[in-house]
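Chains as they are written, first to last, in numbering that gives the first Met the number 0: chain A, 0 to 240; chain B, 0 to 387.
These are calculated hints, taken from the structure and not from any lab test. Backbone N, C-alpha and C define an ideal beta-carbon position, used for all residues, glycine too. It is possible that some hints are incorrect.
Sample of chain B residues with no beta-carbon within 10 Å of chain A, all distances over it, derived [what the hints assert, rightly or not]: (1) Gly12; (2) Pro16; (3) Gln28; (4) Val31; (5) Lys127; (6) Glu177; (7) Asp208; (8) Glu289.
Per the computed footprint, the stretches of chain B lying under chain A, defined by three or more beta-carbons under 8 Å from a beta-carbon of chain A, are [what the hints assert, rightly or not]: (9) 159 to 165; (10) 275 to 288.
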Amino acid sequence: MPYMMACFPDRERSEEIARAYVDAGADLIELGVPFSDPLADGPVIHAADTAALRAGATVHDALAVAAAIADRVPVVVMCYANPILTRGLERFADELAELGAAGLIVPDLPLEEAPGVAADCEQRGLALVPLVAPTTTDERLGRIGAAARGFVYTVSTMGTTGERAELDGGLEAVIGRVRAHTDVPVAVGFGIGTPEQASDAADAGADGVIIGSRLVRAAADTEDPAAAIGPLVRDFSLALR
Amino acid sequence: MSAIEHRFGPYGGQYVPETLMPALAELEQAWVAARDDPGFQGELAGLLHDYVGRPSPLYRAARLSAVAGHDIYLKREDLNHTGAHKINNALGQALLARRMGKERIIAETGAGQHGVASATACALLELKCVVYMGTEDMRRQQPNVERMRLLGATVEPVEAGARTLKEAVSAAIRDWVENVGDTHYIIGSCVGPAPYPAMVRDLQRVIGDEARAQILKQAGRLPQRVVACVGGGSNSIGMFIPFADDDGVELVGVEAAGEGIETGRHGAPLTAGGQPGVLHGAYSALMQDEDGQILEAHSISAGLDYPGSGPEHAWLRDSGRARYEAITDDQALEAFATTARLEGIIPALESAHALAWTLANGPSELDLVCLSGRGDKDLAEAIALLDK
């Protein structure tokens with residue numbers, strides 16, 4: 000389940016990247032909407048936000064990138080709360096539904112602030128995917144797991160997005176706890192940078208593995224991101240078969 | 000139902016990653032217990048008295064009053080140890096952190112006053128201190144950077160974006176997400192996710208509580224207007240709330256108009272209006288474009304250079320209890336110079352906004368103005384601009 004920043008490094012190339020993900024075996028794509036203050040993201044993705052905005056990316060453009068591939072692969076749009084509220088919750092949900100998005104993740108929208116968003120998504124057949132963390136108590140997991148749609152995005156490590164040399168050892172226990180509190184699949188993300196780590200996450204019980212910063216870094220480091228990224232995604236895909 | 004506000008009208012909330020929710024619950028529980036614990040309050044009051052130098056004086060500024068045409072009383076938060084009102088909040092939260100068993104403190108800072116206050120409290124209470132500061136702010140407030148280091152804090156430069164306060168807040172939030180187990184984040188103003196806005200207000204209301212008693216004693220009456228500058232809004236919320244039930248008292252918050260509201264280069268979300276939004280965990284008035292991207296604020300004063308505002312202020316505005324106006328860089332600079340020459344007090348550039356407003360706006364029977372900090376930190380920048 001690779002992640003990409005819409006309109007990074009620019010709109011055209013990000014659409015190429017999306018197609019490369021699909022061709023290389025992605026089962027689902029998480030598509031980030033560029034935002035000025037991405038406080039759940041580490042330096043690589045934040046830099047991609049800044050670059051995309053500097054290149055003139057708008058929310059409209061980001062949704063257009065989503066629309067361009069939504070018929071080939073499930074697309075889950077990842078967007079912070081403010082751009083959604085400014086656009087208007089219902090309008091945003093309508094647009095996601097129209098373009099054929101599968102779901103929505105809002106990194107700064109915890110359970111308590113979600114009811115309006117959850118209802119609007121539910122009405123339109125969009126999955127509102129919640130995030131849980133190692134610090135999430137069993138009591139919270141129960142409530143989040145019950146409300147979860149699509150999958151539960153399990154943050155594998157304390158911190159923001161970004162590759163880590165090693166993942167937290169307690170991953171299997173965390174995944175187990177989440178699974179015990181929900182009926183939807185459990186996906187793991189944050190910090191997974193190598194095919195080995197991806198395969199470890201799968202062995203620890205994850206139904207899906209999300210790779211973000213590693214791929215965004217690859218896109219940033221080259222003139223032809225789609226060409227560079229294809230083989231990388233394929234490596235991850237193969238490690239998970 | 001919680002024992003502390005999560006919302007003020009529609010404003011406030013907790014728009015943070017799930018990772019932080021347990022920490023906010025823990026913080027709320029700890030603060031409510033401490034707030035209601037006479038032992039904790041006694042220890043804090045003792046330090047505020049013996050170490051910070053409270054109560055701060057209320058001073059009738061005769062020469063400024065003559066120029067303004069109305070009585071101006073200054074609440075002298077500039078005379079506190081560390082030179083501003085920030086220490087009231089930093090000390091209270093540092094004591095709370097120690098009570099919670101946290102050994103590490105992080106903070107953001109714009110002008111440096113909150114960073115200095117946090118570093119000071121940490122030196123006093125033997126806590127490790129890391130302060131995030133935008134590199135543009137580090138440049139224009141160099142003395143405060145040096146102070147923080149001398150006090151034993153680590154200053155982490157933030158290079159992202161416009162390199163000022165909003166980027167520092169985001170960097171601090173990211174650090175907290177990663178280190179939430181052993182770290183308390185001392186937010187410097189009444190912004191951020193609940194319980195911070197209410198907790199910071201509770202710690203800063205000592206300003207207004209004292210001032211109310213002092214003005215009644217000195218002038219035999221309540222003020223007509225209470226005036227304070229608003230960045231995030233901590234000195235102003237501390238000044239305003241103790242007067243909130245005094246119907247005849249007007250509450251005036253003064254924001255940074257920067258180069259002028261019409262230019263877009265300002266720091267006045269409450270004054271400029273516009274759609275509210277979510278920034279740094281709270282729903283409140285802010286500066287944003289039509290896509291919901293947060294805009295950079297612009298002000299001569301680093302402490303007012305924030306595109307957001309405290310949610311309780313947004314509610315005071317909408318409910319009509321307080322009004323918000325804005326003063327330009329030039330007006331603030333002039334008031335800075337005037338106050339120095341007429342009263343022998345060099346105000347912080349932030350506070351100069353409140354002074355500029357009272358000097359330019361009459362009539363009034365009596366203005367009570369919060370002099371939120373002293374201007375030593377601003378000398379280099381202000382002198383350079385005044386010489387032009």
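Each hint tested on the structure:
Listed as outside the interface, B:Gly12 is inconsistent with that label: its C-beta sits roughly 6 Å from the nearest C-beta of chain A, within the 10 Å cut-off. The claim that B:Pro16 lies off the interface is violated: its Cβ sits roughly 5 Å from the closest Cβ of chain A, which falls inside the 10 Å cut-off. Annotated as non-interface, B:Gln28 keeps its C-beta farther than 10 Å from every C-beta of chain A; the closest such distance is 13 Å. A cut-off of 10 Å between C-beta atoms confirms that B:Val31 is not in contact with chain A; the least separation is 17 Å.
Distance check on B:Lys127: its Cβ is at least 18 Å (rounded) from any Cβ of chain A, clearing the 10 Å threshold; non-interface status holds. Non-interface status of B:Glu177 relative to chain A is broken: a Cβ of that chain comes within 10 Å, the nearest being about 4 Å off. No beta-carbon of chain A is positioned within 10 Å of the beta-carbon of B:Asp208; the least distance is around 32 Å. A cut-off of 10 Å between C-beta atoms contradicts the statement that B:Glu289 is not in contact with chain A; the least separation is 7 Å.
Counting residues of the stretch 159 to 165 of chain B whose beta carbon lies closer than 8 Å to any beta carbon of chain A gives 3, which meets the minimum of three for the stated coverage. Coverage of the stretch 275 to 288 of chain B by chain A holds in this model, with 7 residues showing a Cβ closer than 8 Å to a Cβ of that chain against a need of three.
In summary, the numbered hints that this structure violates are 1, 2, 6 and 8.
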